[in-house]
Amino acid sequence: MSTTFGVVDYMIFIAMLMMSTAIGLYWSWKDRNNTDANEFLRGGNHMSVLPVCMSIMASFMYSTSIIGIPAYVYFTGTQIWVTVVPAVLAATIACEIFIPVYYRMKLVSVNQYIHLRFNSHKLRVVANISILVSYGASESGGIAQAFDRAYIGGRIEFWNTSQLQVQRSVSMPTLRAAKRALYCAVPGCITILSLIVLTGVLMYARYYDCDPMRTGRVHRPDQLVPYFVTDIFGDRYPGMTGVFVAAVFSSSLSTLSSGLNAVSSLIYDDYGKRWVPQKQAIWFTKLLAVAIGLLTIMMAFVMSEMNSILECTFKLYGATNGPMFALFCMGLFCPWANSWGVGFGFITGQLFGIWLTIGSVVDKQTDVLYMALPTSTDGCATQNITVIMPGANLSTLTHYKIPQYYPTGYQLVHHMSPLYVPTITFLITLILGNVVSLLTLGNKDQTIDPNLVHLNVCRMLEKILPQSWQQFQTKADEMVKMTGQSTDGGSDRLPEAETPLSQLSDQQSV
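Start counting the sequence shown at 1; every next residue gets the next number (full-length UniProt numbering).
It is worth saying that the hints were derived from the structure and are not from the lab.
Treat the hints loosely; a few may be bogus.
PhoX-like mimics (lysine-lysine), calculated; alpha carbons at most 25 Å apart, straight line [what the hints assert, rightly or not]:
no.: 1; residue 1: Lys30; residue 2: Lys279
no.: 2; residue 1: Lys286; residue 2: Lys273
no.: 3; residue 1: Lys30; residue 2: Lys286
What follows is a set of in silico ranges between Cβ atoms, one per label pair, in the way DEER data are often shown [what the hints assert, rightly or not]:
no.: 4; residue 1: Ser48; residue 2: Ala22; range: 19 to 27 Å
no.: 5; residue 1: Trp275; residue 2: Ser252; range: 29 to 37 Å
no.: 6; residue 1: Leu50; residue 2: Lys286; range: 25 to 33 Å
no.: 7; residue 1: Gln280; residue 2: Leu438; range: 31 to 39 Å
no.: 8; residue 1: Phe333; residue 2: Ser252; range: 31 to 39 Å
Using N, Cα and C, we set each Cβ at its ideal position, and we do this for glycine too.
Construct all of the structure, not just a fragment, from the sequences and the given hints.
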């Protein structure tokens, strides 16, 4: 069995890189005379459903998923498969609640909503930094036998209880098309995740009685999938290893290209639009993408200090995206939320998430997998085992249980499942933001643009607190009569701000 690249593998991998580069150079040359920033950032709002749907699916299939999730399933079981359920719910909520509001505003930067809703430029800056940090931080005898072995080994379990998408949504010509693109991407994303989880099940089925980590063939969980590929194909199918590595790099390039474009457009729309001439806007965003790409490469070195690439991804995104999501939820669903409340809640949630991430790195237990299930070397051929300790009794390696670490005290917080991090930071931000907003009298002396609050929340407020609703409605209608017409030219007012709140229809929910 060969565990290294052959000539054919290198040729396939290099060909993939050259094709990706050629595609970028071709479109850059073809659009060299284009000076329309809207065309570059949002496709001129003429994107069709299929390309946007495929783009959403491609960004979902990031390289950390391909490498990290199968190893996660191998060691801890299939519980991560249950994430397809909240994924469907999240897509539904996004289509019916968030996308209608953002689509009506037609803004490239989601952070501009923060500035409009809470009238806080400082909070908007903090949100920008958070997005940069979160970004800088992806043959066993048949399916029945594979699942049978996985069940015996305890790997089958179904118990236990991003700017990218907004930019894609506003690139669609109609709100209906934006919803359709996201809904159509859901089955594809579920299929991708299912195939990745299935890879982990097949991997365990192959090594259920001869664990590669226990025999010294691999030293980190992230090495299991590449080892699995070389073990299956090896010298028998030259070039297949190269195809796999090319696929992993291709998924990385897809995610990076979408992310770099989104973050660069966000920075341009928030800051660059005020002083960069329109003719130089495209070059400015391209240079930003290069700079952010270099920053991303430097941030990638943080992953080497964590137990697995999947853990790093979950914790970095959870530490920042949880508070960010709470920020937008308060803006849409909590009319009383003010800049003091959301600022305090957001910063507290961020600090708690950062503490969890740094604590898990500083307090890391080397060579120990927390909550890993038992593995075995009972089926390994003695002559193929790499002896880790000279003189060790090989019989003690059979039915070996990976050393586990059971934290106590504050270490329980450091070593909680990374899947809990975004939920905890979201709840901290949401609860503290609302409490502080109410303690500081909410928006008693301020007026909120009705376009920035979801219409269904306004209706609930009208029924529950009619007096407060009447005051809110009166102030909002007075403000609407004095607002401008468009966001073009750097203005922060909404294009439909001239519609009085009392006359708003179901257009946010259509």
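> Has the hinted range 31 to 39 Å been met by the Cβ atoms of Phe333 and Ser252?
Replying inline: Hint holds: Cβ distance 35 Å, inside 31 to 39 Å.
>> Can you confirm whether the C-alpha distance between Lys286 and Lys273 stays at or below 25 Å?
In response: holds (14 Å)
> Taking the CB of Trp275 and the CB of Ser252, does the distance hold inside 29 to 37 Å?
Replying inline: Because 33 Å falls inside the window, the suggested range holds.
> Do Leu50 and Lys286 keep their Cβ atoms within the hinted range of 25 to 33 Å?
Replying inline: The hint (25 to 33 Å, Cβ to Cβ) holds, given that Leu50 and Lys286 are roughly 26 Å apart.
> Gln280 and Leu438, beta-carbon distance inside 31 to 39 Å?
Replying inline: About 46 Å separates the Cβ atoms of Gln280 and Leu438, which means 31 to 39 Å is violated.
> Taking 19 to 27 Å as the hint, is the beta-carbon distance of Ser48 and Ala22 inside that range?
Replying inline: For Ser48 and Ala22 the Cβ distance comes to about 24 Å; the hint holds.
> Straight-line Cα separation of Lys30 and Lys286 no greater than 25 Å?
Replying inline: Distance of about 15 Å is within 25 Å: holds.
>> So if I understand the rule, the pair passes when the alpha-carbon distance is 25 Å or less; does Lys30 with Lys279 pass?
In response: Judged against 25 Å, a Cα distance of about 17 Å means the pair holds.
Against the hints set out earlier in the document, a violation occurs for number 7 only.
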